[in-house]
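Engineer: The lines below spell out each chain.
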Amino acid sequence: MTVLVLMDESDASRQTLTLARRFGEPRSVRMDAVRPFAPDALAAALAHAADELNASAVFAAGTERGNEVMARLAARTGLPFAANCIGATPGNPVEVTRLRWGGSLLEEARLHSPRPIITVAPHTVPADSGPAPVEVDLKPAAGKDLVVHVSDHIKPSNGGVSLAEAKVIVSGGRGVGSKEGFAIIEELAGLLGAAVGCSRAVTSAGWRPHSDQVGQTGTKVAPEVYIACGISGATQHMAGLKGAKRILAINSDPQAPLMLNADYTVTGDLKEIVPAISAEIRKHR
Amino acid sequence: MRIAACIKRVPITGGRILLTDDGRAINTQHLGFTMSPHEECGVEEAVRLIEANKGDSVVLTLGPAEAVEQLRDAMALGIDRAIHLQTDGQEWDGEGTAAALTAAIQADEAANGRFDVVFFGNESADSGGFQVGIRVAYALGRPCVTGLKKVALDGASVRCEQEVEGGRDVYVVPLPAVLTVKEGLNLPRYPSVPGKMRARTKPVAVSSPARPEPRVELVRLAVPAGQGRRAESLGSGPGAAPAVVEMLQKAGIV
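Quick note, the sequences are listed as chains A and B, same order. With the numbering used here as the guide, the letters of the first sequence map in order to residues 1 to 285. With the numbering used here as the guide, the letters of the second sequence map in order to residues 1 to 254.
These are calculated hints, taken from the structure and not from any lab test. Since this is a predicted model, take the numbers as computed values, not measurements. One or more of the hints may lead you astray.
Unchecked claim - Which residues of chain A face chain B? A few of them, derived with a C-beta cut under 10 Å, are:
#1 Leu53
#2 Asn54
#3 Val134
#4 Leu138
#5 Asp263
Claimed, not checked - Computed footprint of chain A on chain B, listed as stretches where at least three residues anywhere in the stretch have a Cβ under 8 Å from a Cβ of chain A:
#6 72 to 83
#7 113 to 120
#8 216 to 230
Just so you know, even glycine gets a beta-carbon here, dropped at the ideal spot from N, CA and C.
Using the sequences plus the hints, can you model the full thing?
Structural biologist: Here's what the structure looks like:
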């Protein structure tokens, strides 16, 4: 039995391989096999390769690109698709466990399909250490499958520290109170060389741009330290924090969900506490 | 110009998710509801396009009778009318949802003309299947671009910006197209009082499609175990600052 895996060089791809091996001997198609990136062409190539190899299943990492190409493969072949799985057991039906609500809930499901199409949620499964699978020779893409293709790339503007890669993040929520209230957050972030983050309540109020938003529909972060000021800790926000090594929560409500799910807490008014931390850091310089 | 936006009613989960006794759904007894965040931006974009170009905008949903609240919310932002594919509250999978929406879009287009753009959220907030918009695009035979943070119509085509690691990828595709969008595409407006008033009398076409057997069949839900963070108190008020700095020093930050 052969299982087809859409792969690149990432950890997420090697984690995907761990689940895929349960479904057969893996063969791979490279994520950059069609350049510039054209997701319909890649889905067409996967559909053709899966037929040629009589693949038992098709896997990819549950990244934006992985989910996109697998959904196109599923639409093209008229098959169901289970996204962001953290477990998959072969059988008829295939039993999967998948993430919902950005990982705040788990769903056990039965996948009824002659050829399961599955993505594996990144960083939920150990990486495979076996040999790299043999690559499949691909059929050239047809013109209609190249209509959707990347025609240009815009580099990010180099202002400040990137949220996704920041080692320290100072983040503010509704408790900050206003757009101007972020001055003390920015001051502390400046002293720590940190990125400024915020919750969804803050971007919805127009206090900060959406690019600062941490959470399920914002950026998922993985800093050494995450300092959450006046953020209650709705599941929407917590879904973006799972990769944070240490969380410090500052909140006037000791029962706020984030205060209960942090590593360190300070109870009280952030408008007094945050400037006091900044002052204390200056003393150490 | 004709623009459609597809939305989904989801609970506002707050801080802690509670499940029903059978473990097959979220206990929503004490929860409010909203449309998925990404989709709200699709609705806003549809309203802006019709404001700029004139024409007809339609919001569609597949969901229980109560989902009419989210249809009214979309119409309060400026959408002209709604199509409600009413369910009995049972969950539909991505394939079934896409098939019902496709049929509704085709029926509306047969009567009123082709949609230039159909907007979807990149993924729903709750089930996160990452597939309904793409399936509808394939069924309609239209190009689909996903995960968009910027959309600009230019004559017979649309220029799209998709957020990727290390910047944005640009796609230009011909209309009609299906576009799946993400929060941050725009900042949705608050509904005005007159907007809410008008929404009450805007038309909602209701039908009840048959639910196909789901091929991704939900068995049960579970709340994952916490990450085991200890919640150690460093004190209260500004007097806690030295303890905070000590912690930051230990972490190698200060």
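Engineer: Is the hint on A/Asn54 kept, meaning its closest Cβ partner in chain B is under 10 Å away?
Structural biologist: violated, 20 Å
Engineer: Per the CB criterion, is A/Leu53 less than 10 Å away from chain B?
Structural biologist: Violated. Min distance 22 Å.
Engineer: Can you tell me if the segment 113 to 120 of chain B counts as covered by chain A, using C-beta to C-beta distances under 8 Å and a minimum of three residues?
Structural biologist: With 0 residues closer than 8 Å to chain A, the segment 113 to 120 of chain B misses the three-residue bar; violated.
Engineer: Interface hint check: A/Asp263, Cβ to nearest Cβ on chain B, cutoff 10 Å. Holds or violated?
Structural biologist: Given a least distance of 5 Å, the restraint on A/Asp263 holds.
Engineer: For the hint on A/Leu138, does the least C-beta distance to chain B fall short of 10 Å?
Structural biologist: violated, 20 Å
Engineer: Is the interface hint satisfied for A/Val134? The criterion is a beta-carbon contact with chain B at less than 10 Å.
Structural biologist: With a closest approach of 27 Å, the A/Val134 hint is violated.
Engineer: Counting residues of the segment 216 to 230 of chain B whose CB is closer than 8 Å to a CB in chain A, do you get three or more?
Structural biologist: Satisfied; 13 residues make the cut.
Engineer: Taking a Cβ-Cβ distance under 8 Å as contact, does the segment 72 to 83 of chain B have three or more residues in contact with chain A?
Structural biologist: The restraint on the segment 72 to 83 of chain B is violated, since only 0 of its residues have a Cβ under 8 Å from chain A and three are required.
Checked against the numbered hints above, the structure breaks hints 1, 2, 3, 4, 6 and 7 and satisfies the rest.
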